[in-house]
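Keeping their order, the protein sequence lines are chains A, X and F. Taken in order, the first sequence gives residues 4 to 291; the numbers are from the working numbering. Taken in order, the second sequence gives residues 20 to 260; the numbers are from the working numbering. Taken in order, the third sequence gives residues 5 to 341; the numbers are from the working numbering.
You may find that some hints are simply not true.
Below, a list of computed lysine-lysine pairs in the BS3-like style, where the Cα atoms sit at most 27 Å apart [stated by the list, open to error]:
hint: 1; chain 1: A; residue 1: 88; chain 2: A; residue 2: 171
hint: 2; chain 1: X; residue 1: 127; chain 2: X; residue 2: 232
hint: 3; chain 1: A; residue 1: 268; chain 2: F; residue 2: 143
hint: 4; chain 1: X; residue 1: 85; chain 2: A; residue 2: 92
hint: 5; chain 1: F; residue 1: 143; chain 2: F; residue 2: 83
hint: 6; chain 1: X; residue 1: 154; chain 2: X; residue 2: 127
Between beta-carbon pairs, the in silico distance windows are [stated by the list, open to error]:
hint: 7; chain 1: A; residue 1: 7; chain 2: F; residue 2: 286; range: 30 to 40 Å
hint: 8; chain 1: A; residue 1: 190; chain 2: X; residue 2: 249; range: 24 to 34 Å
hint: 9; chain 1: A; residue 1: 190; chain 2: X; residue 2: 83; range: 29 to 39 Å
hint: 10; chain 1: A; residue 1: 263; chain 2: F; residue 2: 84; range: 27 to 37 Å
hint: 11; chain 1: F; residue 1: 286; chain 2: A; residue 2: 5; range: 37 to 47 Å
hint: 12; chain 1: X; residue 1: 32; chain 2: F; residue 2: 201; range: 45 to 55 Å
hint: 13; chain 1: X; residue 1: 125; chain 2: F; residue 2: 151; range: 36 to 46 Å
hint: 14; chain 1: X; residue 1: 150; chain 2: F; residue 2: 114; range: 47 to 57 Å
hint: 15; chain 1: F; residue 1: 114; chain 2: A; residue 2: 11; range: 32 to 42 Å
hint: 16; chain 1: F; residue 1: 163; chain 2: A; residue 2: 60; range: 28 to 38 Å
hint: 17; chain 1: A; residue 1: 188; chain 2: X; residue 2: 83; range: 56 to 66 Å
Bear in mind the hints are in silico, worked out from the structure with no lab data behind them. Glycine residues also receive a C-beta, built at the ideal position from the N, C-alpha and C atoms.
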Amino acid sequence: MDLFLEALVNGASLGMAYALAAIGLTIIWGVMEIINFAHGDYLMLAMYISFFSFSLLGIHPLFSIPITFGVLAVLGALTYLTIIKGVLKSNVLLSQIVVTFGISIFLQNGTLFVFSPNFRAIANIPWLTGSISIGGIFLPKTLFIVALVSLITCLALFYFIHRTTTGKTILAMAMDREMVQLVGVNADRVELIAFSLGIATLGIAGSCLMMVTYVSPRVGFLYGLIAFTAVALGGFGSIPGTIIAGVIIGVTEIFTALYIGPEYKYVAIFVVYLLILIWRPKKGLLGW
Amino acid sequence: MALLEVIELTKTFGGLVANNRISFSVDQETILGIIGPNGSGKTTLFNCISGFYSTNSGQVILAGRKITGRAPHGVCRLGLARTFQIAEVFTRMTVLENVMVGAFKRDKRLGPARDMAMETLRLVGLLIKANEPSKGLSPPERRRLSLAMALVTAPQVLMLDEAMAGLLPAEIDELLNLIRDIKKQGMTILVIEHVIDAVMSIADTIMVLEAGKVIATGTPHEIAANDRVIEAYLGKGYRHA
Amino acid sequence: MKRLTSPKIMLMGLVLVILLLYPFFLKSSFAQHVMIMVFMYASLGLAWDVIGGHANLFSFGQAAFFGVGAYTSTMLYMKLGLTPWVGMFAGGGMAVLLGLMIGFPTSNLRGHYFAIASLALLVVMEALFTNWTFIGGAKGISIPVVNDRPWLDMQFHQTKTGYYFIIMGLLLITMITTWLILRSWIGFYLRALREAPDVAASLGANNLLYRLIAIAISAFFTGWVGSFHAQYVLYLDPPSVMGIDLSVRIVLIAIFGGSGTLWGPVLGAAILAPLMELSRVWLGGLGYGLDHMLLGLLIVILCLIEPNGVIKLIAQPVNWVMNIAKVKKGVLEGGTP
Numbered sequence: 004m005d006l007f008l009e010a011l012v013n014g015a016s017l018g019m020a021y022a023l024a025a026i027g028l029t030i031i032w033g034v035m036e037i038i039n040f041a042h043g044d045y046l047m048l049a050m051y052i053s054f055f056s057f058s059l060l061g062i063h064p065l066f067s068i069p070i071t072f073g074v075l076a077v078l079g080a081l082t083y084l085t086i087i088k089g090v091l092k093s094n095v096l097l098s099q100i101v102v103t104f105g106i107s108i109f110l111q112n113g114t115l116f117v118f119s120p121n122f123r124a125i126a127n128i129p130w131l132t133g134s135i136s137i138g139g140i141f142l143p144k145t146l147f148i149v150a151l152v153s154l155i156t157c158l159a160l161f162y163f164i165h166r167t168t169t170g171k172t173i174l175a176m177a178m179d180r181e182m183v184q185l186v187g188v189n190a191d192r193v194e195l196i197a198f199s200l201g202i203a204t205l206g207i208a209g210s211c212l213m214m215v216t217y218v219s220p221r222v223g224f225l226y227g228l229i230a231f232t233a234v235a236l237g238g239f240g241s242i243p244g245t246i247i248a249g250v251i252i253g254v255t256e257i258f259t260a261l262y263i264g265p266e267y268k269y270v271a272i273f274v275v276y277l278l279i280l281i282w283r284p285k286k287g288l289l290g291w
Numbered sequence: 020m021a022l023l024e025v026i027e028l029t030k031t032f033g034g035l036v037a038n039n040r041i042s043f044s045v046d047q048e049t050i051l052g053i054i055g056p057n058g059s060g061k062t063t064l065f066n067c068i069s070g071f072y073s074t075n076s077g078q079v080i081l082a083g084r085k086i087t088g089r090a091p092h093g094v095c096r097l098g099l100a101r102t103f104q105i106a107e108v109f110t111r112m113t114v115l116e117n118v119m120v121g122a123f124k125r126d127k128r129l130g131p132a133r134d135m136a137m138e139t140l141r142l143v144g145l146l147i148k149a150n151e152p153s154k155g156l157s158p159p160e161r162r163r164l165s166l167a168m169a170l171v172t173a174p175q176v177l178m179l180d181e182a183m184a185g186l187l188p189a190e191i192d193e194l195l196n197l198i199r200d201i202k203k204q205g206m207t208i209l210v211i212e213h214v215i216d217a218v219m220s221i222a223d224t225i226m227v228l229e230a231g232k233v234i235a236t237g238t239p240h241e242i243a244a245n246d247r248v249i250e251a252y253l254g255k256g257y258r259h260a
Numbered sequence: 005m006k007r008l009t010s011p012k013i014m015l016m017g018l019v020l021v022i023l024l025l026y027p028f029f030l031k032s033s034f035a036q037h038v039m040i041m042v043f044m045y046a047s048l049g050l051a052w053d054v055i056g057g058h059a060n061l062f063s064f065g066q067a068a069f070f071g072v073g074a075y076t077s078t079m080l081y082m083k084l085g086l087t088p089w090v091g092m093f094a095g096g097g098m099a100v101l102l103g104l105m106i107g108f109p110t111s112n113l114r115g116h117y118f119a120i121a122s123l124a125l126l127v128v129m130e131a132l133f134t135n136w137t138f139i140g141g142a143k144g145i146s147i148p149v150v151n152d153r154p155w156l157d158m159q160f161h162q163t164k165t166g167y168y169f170i171i172m173g174l175l176l177i178t179m180i181t182t183w184l185i186l187r188s189w190i191g192f193y194l195r196a197l198r199e200a201p202d203v204a205a206s207l208g209a210n211n212l213l214y215r216l217i218a219i220a221i222s223a224f225f226t227g228w229v230g231s232f233h234a235q236y237v238l239y240l241d242p243p244s245v246m247g248i249d250l251s252v253r254i255v256l257i258a259i260f261g262g263s264g265t266l267w268g269p270v271l272g273a274a275i276l277a278p279l280m281e282l283s284r285v286w287l288g289g290l291g292y293g294l295d296h297m298l299l300g301l302l303i304v305i306l307c308l309i310e311p312n313g314v315i316k317l318i319a320q321p322v323n324w325v326m327n328i329a330k331v332k333k334g335v336l337e338g339g340t341p
């Protein structure tokens, strides 16, 4: 029973990290109805930045969160202004999907070129080595912190979207874009903020995930796919849905690794996703 | 002889009863006009009959065959065609191609389908526009196109949902004449309408819905004099001689 | 008779003749390989476009059909000695079965939801195949080199000319079949269901049925190319025939060239396949992915300039050329220009 609970807690924590990676995607979708297939690759970039901040500059991953947040916010804004905006205006759906694929290929291989395909990881993160014990259940300190940061970020995002004016404008745009323009809001600016915010959250997620797993150019694909799955499962556009879905995914991964075999852990995620999709296909668990 | 029979049809959405035990029958080669305030359940009724909504209870019988519970494409194949409140056409196709889509129900081959489509376009007066993109049609032309699309499937029953909405008086007259022609060729037609004069002049029977229930059925003359209908919908200024 | 001599037909005839003579003039193995890749990707792109461009189902799982086709024909060849000519059809058939199995449960999904589901399915399938020891698992299968019956075994070792004509034949069949289907009632229903599914249904179009038909067509034409590929390369393992890279490349080629048209995917393959092969040789050898970087950049630029694909880009110049040809012809026949 203890093992079960431990797997549950670990899985949920990992799931929170996944939710954090996915949340930006759901915001962007809600506002612009575009799926950024390069999402995972921005996450990968953040992980690299965080890694090198630590290994070259000695900055603790937790403290590199503001750095990665800022850098990715700028990257997101640049991406939006140069590429996304143009493609949205053209209104050709296939093109919108494909252009982000192009970005993904470019980023993955660009990173491959610059940093080589080697896997990198930090073995011992200061202050966060070892595990904590919650009533007999062991949770690695890194995972605990990641879950905590993720929770705080999700709450902060929720507060931002529902309580601040800018956030509420974003929410309004997600519901009815035309109305928002009719009442005098600059839709392009809101899109810019939403997109940049979505990518910026990946900055936080990147610094977090870097503490828990290894970094390599291809890592973005896997986490990107998990993020899409989380968003599709929870329902595009729903923040609570993404969080719940993330947790489900994390738990599935850990349980599969434990009870079936580690080589099946990712397969299990997608199988569960597909099964839920068949049972409740329309808009995911909570989406719109 | 009743071609279409609706028996105790009920449709609820959550707590709202949109269609409440609605029963009526339509004889062959007649026109039934369905009128009533907004939200009284008229389009819902059409959607239930044509298979877009599932019904909670009740039956729909077309030419002796039960069509309740069938999917829309199945209902079409059994001989019931409809138009939609917002006249939707396939904007990326030409006018002719739009009608061909319906024609394929009768014959899968390109040649015969094209011929049937042309014939139907001639009937609704859109033949000259056959090879134009359907995007460029004016609203009344679009109405006629969606009518042609439904007509070409050679249905036994045709259901028109607010076909007159937004048309000028002259355009309404044209459309009414067209509908009369179609009826003369043996069609049975159900029309939902808000343009009262139009529906009064063309229907053999009128059925009035209010809040999901049938509150009156009768000839246009009887309905125009019916107090309850006047109060619910027509307004006191409307007393047809 | 007039239609047979129209400029369009003459141009196509010219291209056909050039392609038929190509392997006899350009004998280098690499030159032939590039054209084989062009034909292959053109077929795959066309097959994708049947569901992506006409039925609105963006499938990122084409590699699953490809891989199933490859493995089916290979296993039949290795275990039963069945000639790949029949194996090809078996491969296509298995792919169709897979497609139908996938098509039913996903029948409610549209657009982005379908895309992600197809991605997930592909990942699952690749993982399953990697762990399936009967078909070689992660080690893959090496098809033994056989030299004495090139046509029966579909293995050509002196030159690639045999392969060239086979894949060209496959492409031609795919093009003609797709063209015939898409201009028939099936094509009409697919386009109608894509644009206004309710109206289409009210006119008698069965959404599920036609979706499955489209998936079956796409699956078959992808699967049998997979079988061909197995015989061409003589080695298969899950990453090479069922990997996400392959799926993505297919989608990119179809869209780059112009989805929803007959020549779009062909054009896309004609441009991108040589580019991919050349850049792989010049740049990719370093293992640093420069070639893919360029590809990514190219895609982004194209999407910004002409989102409808290259085919729209060249539509104007092509029309201009056609009109000139028409005018010249008219003058030759003594008419007024």
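Please write out, lowest number first, the hints stated earlier that are contradicted by the structure.
-> Of the numbered hints, 2, 4, 7, 8, 9, 11, 12, 13, 14 and 16 do not hold.
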